[in-house]
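**Student:** So the sequences go chain by chain: A and B. Per this note's numbering, numbering of the first sequence is gapless, rising by one per residue and ending at 117. Per this note's numbering, numbering of the second sequence is gapless, rising by one per residue and ending at 241.
FYI, nobody ran anything at the bench for these hints, they're computed from the structure. Note that CB positions come from ideal geometry on N, CA and C, so glycine has one too. Do not rely on the hints blindly, as some may be mistaken.
What follows is a set of in silico ranges between Cβ atoms, one per label pair, in the way DEER data are often shown [said to hold, decoys possible]:
(1) B:141 with A:39: 22 to 30 angstroms
(2) B:135 with A:86: 30 to 38 angstroms
(3) B:141 with A:76: 27 to 35 angstroms
What the simulated footprint calls covered on chain B by chain A, stretch by stretch (three residues with Cβ under 8 angstroms from a Cβ of chain A suffice, anywhere in the stretch; the number is not a length) [as the list claims (entries may be wrong)]:
(4) 162–168
(5) 174–186
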Amino acid sequence: QKEVEQNSGPLSVPEGAIASLNCTYSDRVSQSFFWYRQYSGKSPELIMSIYSNGDKEDGRFTAQLNKASQYVSLLIRDSQPSDSATYLCAVNTGNQFYFGTGTSLTVIP
Amino acid sequence: DTAVSQTPKYLVTQMGNDKSIKCEQNLGHDTMYWYKQDSKKFLKIMFSYNNKELIINETVPNRFSPKSPDKAHLNLHINSLELGDSAVYFCASSRAIGGTYNEQFFGPGTRLTVL
């Protein structure tokens, strides 16, 4: 079982819709959770970090963490074509960092 | 002002050669990392240094040797390059490795092609 699992997609949403990205992780003692956005040919860019259960909002982005279910999600409201990218979920457990394989999102104008 | 920089951006070389990639961060972070992203876009940690001390050393061939002359620099030297080493190598840094200060910021990447 992979440490971090994501639906690879592709996920397509119309412009203005809500995009929902999901991630599960295997280690119950994982402490920190991150969402990165990666455009093709570019480096990962940090969008959100979340450390405790519940929701964390930043502009159009909301991260949700449920440690009991070992689940973390990212909601993108009012999706824009510029949001089209691969979204990587990352989990920190102790000194280890694990990335998911990413979900490809396409926002259709 | 580039926060995390890497050189070179592209590296094309022959099998068997030795090459180095350099990384520098001006964020004042204590922890730096090397990641490898393969052709399937899977990002895997290779090494982590905290204040010049090796913290994480994943199962990578010992042909790969990181060196941290100070906490702002983490270089990666690769000996006897193989075809399978072709990938994009990312450097990253964070304030710390644990707690709530471990948000990582990535450099632009070095695309290594071994012929």
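**Student:** The structure should be examined with respect to each hint, and the outcome stated for every one.
**Tutor:** Status of each hint after checking the structure:
Range check, residue 141 of chain B to residue 39 of chain A: Cβ separation about 41 angstroms, and the 22 to 30 angstroms hint is violated. Separated by about 34 angstroms at the C-beta atoms, residue 135 of chain B and residue 86 of chain A satisfy the suggested range of 30 to 38 angstroms. A beta carbon spacing of about 50 angstroms between residue 141 of chain B and residue 76 of chain A contradicts the range 27 to 35 angstroms that was offered as a hint. Evaluation of the coverage hint for the segment 162–168 of chain B: fulfilled, as 3 residues show C-beta separations to chain A shorter than 8 angstroms, against a requirement of three.
A count of 3 residues in the segment 174–186 of chain B with a Cβ less than 8 angstroms from any Cβ of chain A is obtained; the coverage claim is therefore met, three being the minimum.
In summary, the numbered hints that this structure violates are 1 and 3.
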